[in-house]
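J.: Chain residues, written in single-letter form:
There are 2 protein chains.
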Amino acid sequence: MMRKIILAWCVAGFSVLAASAAGTVEQWGIFEVALPGPTNGNPFLDVKFAAQFKQGDVTVTADGFYDGDGMYRVRFMPEKTGEWRYETVSGARALNGKRGAFTVVKPAADNHGPVRVANTYHFAYADGAPYKELGTTCYVWQLQAEALQEQTLRTLATAPFNKIRFCVFPKRYTWNTNEPILYPFAGNPATTNWDFTQFNVKYFQHLEQRVADLQKLGIEADVILFHPYDEGHWGFDRMPAAVDDRYLHYVIARLAAYRNVWWSLANEWDFMKEKKEADFVRFGEIVSHDDPYHHLLSIHNGSKIFNHTLPWITHASIQNGAAVEEPGRAELYRDAYRKPVVYDEVKYEGNIASRWGQLSAEELVFRFWNGTVAGTYVGHGETYKSDDQILWWSKGGVLKGQSPARLAFLKKVLDDAPAEGIEPVDKWQNPEYGGKAPDYYLVYLGKASPTNWEFKLPKPPQGKGQPPADGMKFTVEVLDTWNMTVTPVSGVFTLQKKDGYFYGDKDGRVVELPGRPYMAVRIKRVRE
Amino acid sequence: MMRKIILAWCVAGFSVLAASAAGTVEQWGIFEVALPGPTNGNPFLDVKFAAQFKQGDVTVTADGFYDGDGMYRVRFMPEKTGEWRYETVSGARALNGKRGAFTVVKPAADNHGPVRVANTYHFAYADGAPYKELGTTCYVWQLQAEALQEQTLRTLATAPFNKIRFCVFPKRYTWNTNEPILYPFAGNPATTNWDFTQFNVKYFQHLEQRVADLQKLGIEADVILFHPYDEGHWGFDRMPAAVDDRYLHYVIARLAAYRNVWWSLANEWDFMKEKKEADFVRFGEIVSHDDPYHHLLSIHNGSKIFNHTLPWITHASIQNGAAVEEPGRAELYRDAYRKPVVYDEVKYEGNIASRWGQLSAEELVFRFWNGTVAGTYVGHGETYKSDDQILWWSKGGVLKGQSPARLAFLKKVLDDAPAEGIEPVDKWQNPEYGGKAPDYYLVYLGKASPTNWEFKLPKPPQGKGQPPADGMKFTVEVLDTWNMTVTPVSGVFTLQKKDGYFYGDKDGRVVELPGRPYMAVRIKRVRE
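Taken in sequence, the protein lines are chains A and U.
Using the numbering used here, you'd call the opening residue of the first sequence number 121 and step up by one each time.
Using the numbering used here, you'd call the opening residue of the second sequence number 121 and step up by one each time.
Keep in mind that the hints were calculated from the coordinates and are not lab data.
Please note: incorrect hints may appear among the correct ones.
If chains are identical, the list can't say which one is meant, so a pair holds when it fits in one copy or spans any two.
To be verified - Simulated crosslink set (BS3-like; lysine-lysine; CA at most 27 Å straight-line):
no., residue 1, residue 2
1, K576, K424
2, K556, K396
3, K618, K459
4, K626, K396
Use the sequences and the hints to build the structure in full.
T.: Put into structure tokens, the structure is as follows:
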């Protein structure tokens, strides 16, 4: 998947070593040029290194980085198949003007490229394959003991999640007071006396390995670049601006070529007391500028939501549990931002004392469904008290809750839904209807426990898809979102206009329901 | 209130006539310079006319306009007391270089200046007096028969509303198929063959008169500059871009000096099929640029909400009835826009067939209260079927509904509330609490019919005002928002911490309630 080409270092000086080791790499894979270079002074500060990758009229410039032990690397994620050429650019003679060529071949079956925004409010892989976001959160899983990390990966391998949010920097917070296995800078952990001019390359090599491990599992890595859960303990939340910026350049140079990377500028940005809002605007502009592939980029809030209309923000990453307490709330941010809305934090399934960590599994699954029929995406997290202090939300490990199985059921429903994504059908009138009118409807009944549901389909608002019409035929299934069952309703429902706003069944049929909460009705058009 | 100075026209040419008629005008009143000028050609197209008004380092440039019959006017709303000087600027010699001086005196008691944004989410008059927005809608009241207009003004004189939304252009729509009393352009109404280069000055003189009439009643005029309720009948919804822009310049030159003007770029902008979103951005930039006083400026949506984060938009004017169905929804746009949110259209009290015009009075008042405790503002409208085709929402006349009396009650509550405005106290947890912690709380219980309410006050989120504390004392009143009663609860409630999130009464007191819906609890701190 990653093809590394290590070029011999031309110690003598003036001659330029042309790259002869042409190779192949798959589309959206990683082509890496590794070159020995200067070791005097501080390579992190003193050496600028980049490469231009060219195919026809297309030129992509990627920054390189110092990887320790005298080795410099520059990585490239080709977005097109065919022949590419490259040439390195550096003020250091050993790293300048190295040229080469390589062939980009079709991707392997499990490689669909990076995830992009699609259909305004939704996502898709670069090759067009649907991506129905269903994420979880383990803030610093990769900084725990090795065995725990491996356990987290095994858990993820069978869990329904296709995205995981985690932090680059270590975290210090309730339930997470242990030190990380590694530190991002050279220095003395005991005194937290860091040399901010010296990255700890092992830290970032390890981070990359975990991003690659996630990629193998088909999981997007939502990399959180800054967070407040430090409060000066290590001081990574209050570094000087120049250090912040250098850190961003470094992380992007290292990670941007991994196709499964998403950037989250910060977790709870407004709780970072030593930063101003303008700092995050600068960070966003840096990431947007540096990342040649424009991976998905957002920023997660505490109580103050960032301005997600800014052009470099690709989707709204929102913490607000209240917004998914019903579909009519969940939809509102879509109109404000006109971008995909991902409720990355809606409180967690668990039993800790904090009210953000004590949702029942039923409540968390309920919130996912509210968000789903509103045309948005919802995130999972789990905070069950544990003697070993290992809570999934912070450290990973194993999942103990009852929501993941139900989210796997939801995932199946999403995979069966229209590829374009589920849209609100009648957003300000009947927010419980999601779908793609008039072919597919998902009606979520939430906490109500009705014994039947009158079959009726709303007319979508002006200009929003084809309206239903008399004579159209539909099949209906009853979904028990908690007990994870799909029960087809016998027969076919045939539309007849009911009033100015609704179509019902021509015989007035109702759908029988079991009188339990958390039911949904799935309606699919039968094309004859 | 308006001081007009008509200068003699210097027919002879080269000499400049200095204004000798110095006068006085009150702050935020209108100082007008009227000058005879060219009548040859087309004065609307051919003559540029403006004036600079100066006081010390401050220079305000106001555009003038042709008012017919050979007369040109330029108007100025002084925002500072003291001596001002002016000089006119025009390519037409008769209108160029006229100078004068005048004195701006303190405003009369009922003149508080224009309304401005205050405290991020709220409004205040320029002199600092609180302005608690409570608006209504009569789209084309000023284009009905004279007697009906006068009746509308009489109704407004005793109604609770301090803002009214109405359109510059005539409207053609259900319940409003009559022709207007006047037309904005010269031309033939029968053939709708307009000369877009010739404004009908009588039309705009009349509009101004009605704005002035509203000002006398203490009512802000929310002037809607474009709307879709024409659909080509007259064609004012599909004029060429150059005509649109000239019209905007003309309206602003005429109206901007009226302190009670607000600009609404459009009603249901997205339903104007002949315009693009970029047209409205251009309109907004024109208004923002031309208006020397930067009156409040927004744009009202159909189903697609405008990007209210744009810098020239002062507040979010939103049509969305669903958003005020509960306080937890109403609050969400505040976070997205960080500006005042005015739900200018939430459906109307009435009984017509369209679902946007058949709210019960109870439901409309309920929506006002939901918006209020969420720190937003809500708009009124009324659509009761009538044989005379006069529905308040479109034509004015008399109010027939039951909501206005309850909105007058709400207005009293607002006037008694903190001047800074009501803020959500714990927005994503307990949206039914509005107020100003820890001094004032308004808890709205909506459609629930409880027989008691446990006295408890939430801790506001991090950094949002002073939290409540043990020992603080409060009085409580029970407000029946429908029956318009205020019932004090005897005794004082004394705080004691309840848990990590709430303070209750030290003796666990509850507030008795009558078991009816639409109740609110008002809690005020007793300072000893």
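J.: Taking the hints in turn, state whether each one holds.
T.: Here is how each hint holds up against the structure:
1. K576 / K424: between (39 Å within a copy, 25 Å between copies)
2. K556 / K396: Answer is between; shortest inter-copy Cα gap is 25 Å, intra-copy 41 Å.
3. K618 / K459: neither (34 Å within a copy, 41 Å between copies)
4. K626 / K396: For K626 and K396, the Cα distance exceeds 27 Å both inside one copy (60 Å) and across copies (40 Å).
Of the numbered hints stated above, those contradicted by the structure are hints 3, 4, listed in ascending order.
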